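Here the protein sequences come in this chain order: A and B. Quick note on this note's numbering: the first sequence kicks off at 1 and runs consecutively. Quick note on this note's numbering: the second sequence kicks off at 1001 and runs consecutively.
Hints are computed from structural coordinates only; laboratory data are not their basis. Any given hint might turn out to be false.
Said to hold, decoys possible - So, partial list: chain B residues that the calculated Cβ filter (under 10 angstroms) puts toward chain A:
1. 1023
2. 1046
3. 1050
4. 1108
5. 1276
Stated by the list, open to error - Below, a list of computed lysine to any residue pairs in the SDA-like style, where the Cα atoms sit at most 20 angstroms apart:
6. 1020(B) with 21(A)
7. 1020(B) with 13(A)
8. 44(A) with 1048(B)
9. 44(A) with 1052(B)
Computed from a prediction, not measured in an experiment: that's the story for all the values here. Virtual Cβ for every residue (Gly too), placed ideally from N, Cα, C.
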Amino acid sequence: MKKKQYRRQKSGFVQAVTRFGIFMLITLILFFCGVSAVMMTIAKGPLDSAKRNAIEKVSSYSATRFLADMFFTDEEIARYTENTLIRQQAQS
Amino acid sequence: MPTFTAKRFRPHPTKVSGWKIFLGLYIVLAVTGIAIGVATLNSYLYVSEAALPVHAMERYVAGLSRDYYTDMMRVPVHQMQVTEYETEETVLNVLLSKLPKKPKYTFVQDYEQSTEFAPAFRVACEGDDIALVTLHQNGETRFHQPVWEVSRAVSIAQVNLQPEYSVSATVPNGSALLVNGVAVPVERFSFEERDGVLEDAALNYTPEPTVLLYEITGLYAAPEVKAYDLLGTEMTPSFAPDSEKPQRVYVYPRIQREKAPAEIQSRLEALCRTFVEYMTMEFDPERTAAMDDFMIVGSSVYQFLHITLAADNTRLGVLAPGTSISGIQYLHTQMMTNTYCLSDVQIGTKLFRWSLVKTDNVWRAFHVELTEIPA
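Next up, chain B with everything else stripped away, as it sits in the complex (with noise of 0.2 angstroms):
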């Protein structure tokens, strides 16, 4: 009975010698140690290059907007001298005017402020360094590299910015003229000055300039330029720049009132009608006495009245016969000053422009200029 055994099946017996066994071995353990070696190589590269400082830079950088610019633009420009006219907003406003809507931000590092524990890099927006940032060690992430994030912000920004408006005003004394809503104080009037021979007699009376000029620099922004005359009305200038145009320069015409305010008006109409009776009635020396009482003595209209129109014969032909206290228009009054203004009023045919000054509180005229009004 044949016993049958592998050896038998297998009449040639392949023999794994211990030497190949050996060998086999070594390569594979060889090539898995490379590989394992490898992979961990790898992943320490992609580790250690995320946990570069320039990737939490990046990161930094990438969540930048306007904001971050105007924050760090706040401290040069609070350093700035501005003038009172304007404030730090306004120089602010106009630095992110000429930002664009996405500013663009990069970094750069500063060898010299970093150290090994705290890089520094300089954050620069459009071209322009604004921000110098350090970085902190907050942890570790695996192969126990740094994770860095952001200690501080320390703004570096410069403001390349000059002022490049001017405002000159000629107003009217007596007008405020409010630059960007604040109040030009009248000390800071730095001209003045008179037109016409009436205003250089009205100044023996009252000695207040009629025209003020005041001029403004070092303004950043193009500024809002409003005047209002006595009485609070807002007025429009006869003259204004282009928008453009970095000098501002501003007149404001005198504000021509149908009614002069309430003591003027209420003051003149007496006037007024005082003087239709001085001039048309007969000599009386209580007409006379109470038609003085609305002059100054000895001024040009105290003069005209008393030596030119004394005698009857010739003061009773200034006015239209039939003329009285009815046929009186009160046309319009400008106010030179607070203390001098000019009402025109209208008596038959002929144009009466009274000059009137207040003086001891009490407004009398100086001056009156007869025109006769064509057909």
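Extracted from the complex, chain A is given alone in its bound form (with noise of 0.2 angstroms):
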């Protein structure tokens, strides 16, 4: 009797930690499908300057680097980066 009610509290135990795992998985993925869409709407939007703050943004870690690869060809990368770049010298 003893060994079935450890065996249900551990079932529950893991239960909980399944269910909290699976939720982070979830909650990762929405995240992420929500920054994919962030970007894919920012890289097809028509705005030059979100794209180029967006890429500055993306850009400047290394961890999200990649979403600029993914949505911006590197041609697009290149010619903002370079206006950022002459921008700024032109600032100082």
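Since each chain sits alone in its own frame, please combine them into the complex, following the hints.
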């Protein structure tokens, strides 16, 4: 009887951990989908300044740089990065 | 009697746990939130893009025509030094003639002149900057995005045009020269000349040049040059430049008139009548005195008649026997100046070229040339 109770307690803990893991996994997936949707909207959108800002922000961190590679072409990255450099030089 | 319940018909009913419901709702809400967020972001991007000053400038530039170029060029053209023979419109027309029918306007932002609330753009026509356009905010659209409108356009145009044309016109004295419809003042004639010994002789009696040269430079367009003689008749140039040459050289010869102006013609006819009588009749002091009235005392014609032809035997042999007044033919007259003319008169078989000058308001002869007309 005790053994059964222990098993039931153990399975309840595992179930909670499992559910938390599933929740976190889904949250991460949703977060990634959200970020990807935002990046894709910006990449396909008409606003150059938004593209430039997105590339700047994303490229600032090595962990997020892949997003720029995913949604922007090499030409766009080079162009907006170059424009940013020119503007910074002009301002300085 | 058995009782029928729902459980009886579902021997293995599906038990949906609260966790699954929560997870489903969580995913649905999250996806919906993402969708709404992305849609809003997309709208924001398009509204922001449409609200950029660049697009206001694109609409502005798309509506520009040749008149805009003209308006902007008026400012620098007004500051140019244009001769009195041309107007600002002349220069503008020259500029417009070099412009395509549909000129290409471009613009670029002038960051030095721009502020956050008044972006400025340099508008160029065919590559040359002509205007500095400043925008101002006029209201808001969605997401509090500004609506931009052109507040003012200032001309920054420069005229890259050099005067290419010049006029050099030789006209008889007394003529009126018009360049583009503007009369050239007499005092502007920079050069005077006389051609021939006869005109040098006329200088003794009428101190006016017979031929004037006028030179004008600094014209931007091919000028329209016209000349009118003393009596207002338009003269035809004996030499006119090619239409493409920027150096416009004109030479206007005198107009040969069959009849001189009335004042001269009546005096000439009286002179010739008296002359024929003097030459065909025996010596008479009254006729000699009458003849003297038509001559300048001491002139070559005076000496010719008084010394060379004083005696009857020499004088009566000049004209053919039987010559009368009815045989006088007035050929033509050239007005050399206002006070100097040459008149060709045929008497019998001889051609007389009378040189007349106006002294003391009376026309008198100072020289005559006799030529035998070949049969």
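Restraint: residue 1050(B) near chain A, CB-CB cut 10 angstroms. Satisfied or not?
8 angstroms, holds
Quick one, is the residue 1108(B) hint okay against chain A at 10 angstroms, beta carbons?
14 angstroms, violated
CA of residue 44(A) to CA of residue 1052(B), is that 20 angstroms or under?
Holds: residue 44(A) and residue 1052(B) sit about 18 angstroms apart, inside 20 angstroms.
Checking one constraint from the list: CA of residue 1020(B) to CA of residue 13(A), max 20 angstroms. Satisfied?
17 angstroms, holds
Under the criterion that the straight-line Cα-Cα distance not exceed 20 angstroms, is the pair residue 44(A), residue 1048(B) satisfied?
Holds, at roughly 14 angstroms.
Verify the interface restraint on residue 1023(B): the C-beta must sit less than 10 angstroms from at least one C-beta of chain A.
7 angstroms, holds
Interface hint status, residue 1276(B) versus chain A (Cβ within 10 angstroms):
Violated: closest Cβ of chain A sits about 98 angstroms from residue 1276(B), beyond 10 angstroms.
Given the proposed pairing of residue 1020(B) with residue 21(A), does the C-alpha separation stay at or below 20 angstroms?
14 angstroms, holds
Hinted contact residue 1046(B) with chain A - closest CB pair below 10 angstroms
Cβ of residue 1046(B) sits 6 angstroms from chain A, so the hint holds.
Hints 4, 5 from the earlier list are contradicted by this structure; the remaining hints agree with it.
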